[in-house]
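With the hints as extra help, turn the sequences into a complete structure.
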Amino acid sequence: GAVVSQHPSRVICKSGTSVKIECRSLDFQATTMFWYRQFPKKSLMLMATSNEGSKATYEQGVEKDKFLINHASLTLSTLTVTSAHPEDSSFYICSAQDMTGDISNQPQHFGDGTRLSIL
Amino acid sequence: GDSVTQMEGPVTLSEEAFLTINCTYTATGYPSLFWYVQYPGEGLQLLLKATKADDKGSNKGFEATYRKETTSFHLEKGSVQVSDSAVYFCALSRGNYQLIWGAGTKLIIKP
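These protein sequences, in sequence, are chains A and B.
Numbering follows this note's numbering, in which position 84 of the first sequence is assigned residue number 64; successive positions increment by one, without gaps.
Quick note: to get this note's numbering, add 3 to the position in the second sequence (first position is 1).
Hints listed in this document are in silico derivations from the structure and should not be mistaken for laboratory results.
Each hint should be verified, as a subset may be incorrect.
[As the list claims (entries may be wrong)] With a Cα cut of at most 20 Å, we get these calculated EDC-like pairs of lysine to aspartate or glutamate:
| # | chain 1 | residue 1 | chain 2 | residue 2 |
| --- | --- | --- | --- | --- |
| 1 | A | K22 | B | E45 |
| 2 | A | K22 | B | D5 |
| 3 | A | K22 | B | E11 |
Okay, here's the thing in structure tokens:
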């Protein structure tokens, strides 16, 4: 089945550091990738949708300059949390979807998530 | 707008018990429906899906039937195991690739 690899799985760093999270589709071309943030005991909050070769579409309330998203190829998207602060600590999850063909029943395939802790 | 409502958790059951996690939705048209599972410390995995009315999705002993008349997609399993302990999310998609998520239901299975 479709596999999405997300790296790193856990990051602990000091306040003010920028952190990059990678999301790769291993055996399919992901024309669209999604970045989510999950708060404790809460559902997933969609942060942004990225399409290969174009700018990401951010959800309302998500700071574009804080959460930089790059989707330069059909198999790789990156999320960079710039100048991270303790309030950015969270579980970040990416997903990828092959948008070719009938997208109405194409599931999203998820990475294992990245636990980000800012001290 | 579109929405998904799941039963609140946690749901605590003994091993080999019968499981039902309720999910109802509000949407125009004919959305596709999904159940995802999230094991502790991991991302989400697609558990099963159904794309049209009366379809039954099934996987790993779990089943859910797309009921348009009751706008429901309840998750069931006949005999749960400790390894089924996880958070289960119901979601819908209307073909514009964005998923609308339920709040998730935590399932705890005791030996």
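Going through the hints against the structure:
1. K22(A) <-> E45(B): With Cα atoms ~14 Å apart, K22(A) and E45(B) stay inside 20 Å; holds.
2. K22(A) <-> D5(B): The hint holds at about 19 Å.
3. K22(A) <-> E11(B): Status holds; Cα separation ~11 Å.
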